[in-house]
Amino acid sequence: MLISIFHIMKTVLVIVFIATTLITGLAQTDENLRIKGFIDTYHAIRINEPNDFLASRSRFRGEFEKLNGRSYFFASVNATYNNVLPELSKIWFREAFMEYTGRNWGVKAGRQIIIWGKADGLKITDVISPMDLTEFLAQDYDDIRMPVNGIVLSKFSNYWELDLVCVPVFESYILPDANNPWGIDYNELGLVPDEAITPEFNLQNMEYGGKLSIYLSGIDFDISALKTWNKAPVYSYYYNDSTDLMHIVPEHHRLGFIGLGFSKSMNAFIFRGESAFYFDKKFSPEIDSYEVGLLESNSINYLFGIDWYPGNEWTATCQFSDEIILDYTEEIALNQHTYISTIGVSKKILRSTLSLSAFAYIGLREGDFFNRTSADHSLSDNIHILAGIDWFYGDSGVFGRYNNNSQVWLKAKYSF
Amino acid sequence: MKISGVKSTAFVLLIMIITNVTVAQQSGRDIMLKVEERPDGDSRKSVMKMELINKRGSSRVRTMLSYSKDYGEDKKIIMFFQQPADVKGTGFLTWDYNDDSKTDDRWLYLPAMKKNRRISGTSAKKEYFMGSDFTYDDMGNRDLDADNHRLLGEELLNGIDCWVIESTPKDDDGMYSKYISWIRKDIFMAVKVKYFDMRAELLKVLEIKEVKQIDGFWVATEMIMKNHKRNHQTIIRLESLAYNIDVDDNLFTVNSLEKGYIQ
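Those sequence lines, one after another, are chains X and A.
So the first sequence is numbered by the numbering used here: it starts at 1 and just counts up by one.
So the second sequence is numbered by the numbering used here: it starts at 1001 and just counts up by one.
These are calculated hints, taken from the structure and not from any lab test.
Straight-line Cα separation of at most 30 Å, DSS-like style, residue types lysine-lysine; simulated pairs:
| id | chain 1 | residue 1 | chain 2 | residue 2 |
| --- | --- | --- | --- | --- |
| 1 | A | K1114 | X | K155 |
| 2 | A | K1055 | X | K347 |
| 3 | A | K1259 | X | K348 |
| 4 | A | K1045 | A | K1126 |
| 5 | A | K1115 | X | K264 |
| 6 | X | K123 | X | K282 |
| 7 | X | K66 | A | K1049 |
| 8 | A | K1069 | X | K155 |
| 9 | X | K348 | A | K1049 |
| 10 | X | K90 | A | K1115 |
| 11 | A | K1226 | X | K348 |
| 12 | A | K1114 | X | K66 |
| 13 | A | K1069 | X | K264 |
| 14 | A | K1102 | X | K264 |
| 15 | A | K1192 | A | K1226 |
| 16 | A | K1115 | X | K227 |
Simulated DEER-style distance windows between Cβ atoms:
| id | chain 1 | residue 1 | chain 2 | residue 2 | range |
| --- | --- | --- | --- | --- | --- |
| 17 | A | I1214 | X | F262 | 38 to 44 Å |
| 18 | X | N312 | A | K1170 | 20 to 26 Å |
| 19 | X | D142 | A | S1059 | 24 to 30 Å |
| 20 | X | G69 | A | A1200 | 54 to 60 Å |
| 21 | X | P86 | A | I1214 | 54 to 60 Å |
| 22 | X | A412 | A | G1140 | 36 to 42 Å |
Treat the numbers as computed from the prediction; the structure is a model and nothing was measured.
Think of the CB as a built atom: it goes at the ideal place given N, C-alpha and C, for glycine as much as any other residue.
Given the sequences, and given the hints that come with them, work out the whole structure.
Here it is as C-alpha cells:
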C-alpha cells in the first residue's frame, strides 16, 4: 500500500515538475502570464500522549494567471503529500476561473472562492463556499475555505457593487472520517453512519442569490439574499429493528436567508456587524427524540465585532455572535442560543519580520475554547518559518470535544 | 539712449530688489507650502521599489504598483504589492481626505483570504512603512500645519541653491523633536532632510539621489533614508512613472481592489 502511494506520488511530482517547467518556460515568453505560489510543509504533534502526529503534510501550490486586456484567467493547482492521511495525498485544481471586466460590469465563471460578509472566522452570511474541516479549524483559514463551481455577474460603480451569484452544483462541507484524528467514530457511540442525503444535480437545486455592497465615506453596507442549502449536514436518526442498531443520517436541505452587514470606521476602531434571517432551517433532534425527525424553524444569526488598530503594528479584534432558534423546542439538539465569541491579537516586531498572533474561538455557554497562538518569522523574502500551539479546552461543546487534540506545530513556507 | 539704459538698469535692479525682498519675506511655512503644492498632475502611476538594508548588509525588496488621482482637494490611491512573493497581490485602497476632521477611508485586500476589509485610516501615519526607515508621514502624507516651520537660511548643497528650514512638530507624541530640510530653490523640492529624535539626537537622514523631470513634473526618482540609530537604511526607486494619465474612476473602487491583477 505504502509502496503504491509512493509510486503515485512520485508520478504526480514528476507531472507537476514537468508542467511547472513548461508553464514557467511559457511565462518567460509571455509577459502577461504570471506564476506565483508556494511550497509548504506542516507537522503537528499531539501534546497529550501518545504524542502522535495529528498532521504531517507537504504541499505545492502553483497559481497561474493571465490578463489580456479585459479578459483574465486564474488557475491554482495543489499537490499534497499527507503522511497522516495518505488518502489525501493528491493533486487537484483548487480554483480555475475566467473573468471578463467591462467598464462597469464583470462576469466570473468557474471554480472560485466566493466570500460574503464582515465576520472573521465565523459564518453568518458567508455560506457559499463550504468548509474543509478535515483538520477542524486547526489549519489556516484560507485552507479551510473550499471553492465552488459558479458564476458571478457583477455591476458596479464608484460607490456600490451588485453581485449576482449562481452555483449550479451542490457541494457540502468536507468532514473528517473516523480514521482521522479530528473525526468522530460513530461506531464507538453505538451509531451506524449512513450515506449523506444530498440534493440531486438538477436545475431546481441550484443555489442562487445576490449581494449589494455600498462603500461610503466612513461606512460600508451590504444587503444580501441567498437561496442555498445547509452545507454542514444536520443529522436524523432511525432505529433498525432487524440489526438492533441506531443509524445516523447526514442530510442537506434547502434554506434561504436575507442578510445585512456594515463596517464603520471611527478613529482607530472599526465596528462591524452582520446579521441574517434564515428561513425554514432544519435542525437535528436530540437522539432521545429521534422519532420526531428533523425539526424546522426560522433563525436569526448575528454578529458584532470591533477591530482596534492602536498603532505600532498592533491589531486587536473581538467578535460576539449568536444564533437564535425562533421556534425552539426541547427536542432540538442545540440550545436556543449558540453564543460564540472570538478574540484575536497580533503584533509585528523586528521590522515586520516577526509576527506574533493569537486567535481564540470561545463557546460562551459551554466555556470551551480553541486558541491558536503562533509566531511567523520571515527568514528571507521567500521563506517563512512558523511555529504555534493549538489549545483546545473544555469538556464539551464544539471546541471542548477536541480537548485531547491540543497540538504544537511547525511550518515552513517558501513563496515564489 | 543712455538715459534709457539707466532707466532700464534701474528697473531691473528694482525688480531684483522687489524679488529679493519677496524671497526674504517668504517664511518657512510659505516655502514648505510651495513644496507641498509643487505640481504633480491630476493623476499618476508609479512602481516603487524599496530596498531595506540592515547593518549586516543583507537586503529585502518590496515592490509596489500604485495609481492615484486627485478629486479636488482629496485624493484616491490604489496600491498593490508585487514583491515579496508572500504578499504579492495584497492591495490597499485609500480615499485620502484633505479635511482633517474627516478620517481617511482605507480598505485592505488579502489575496490568500480572498477578502477585502475596511481598516482604520488614522493610526498609521507615524508608523514605519513595511519595515522600512520611512514612516507614512515621511512619504509625503504629513500635514503642513502639523509643524512650525522656520527659515534658517540658505546653503549651497552639491552646488545647488537651497533654503534650509527647521520644522518642529506642534504635538509632542511623535517620533521627531524636529527635522531640518534643504529645499531646492529652483524646483521647490526637499533634497535632504535630517530627522532628530525626541532627545534631539540625529535619528535619520534622507538624501535625494536622483531627480528627473517626467511629463513636465519634477520628481525624486531615487532616495535613501539612513537610520543612524539602528544602522539600517532604505533605498526607494521610482520607476514606470507617468503623470496626467487617463485613469478610470472605477479603478479606485473596492471591486478593483479585489481583482488585484491590474497592471
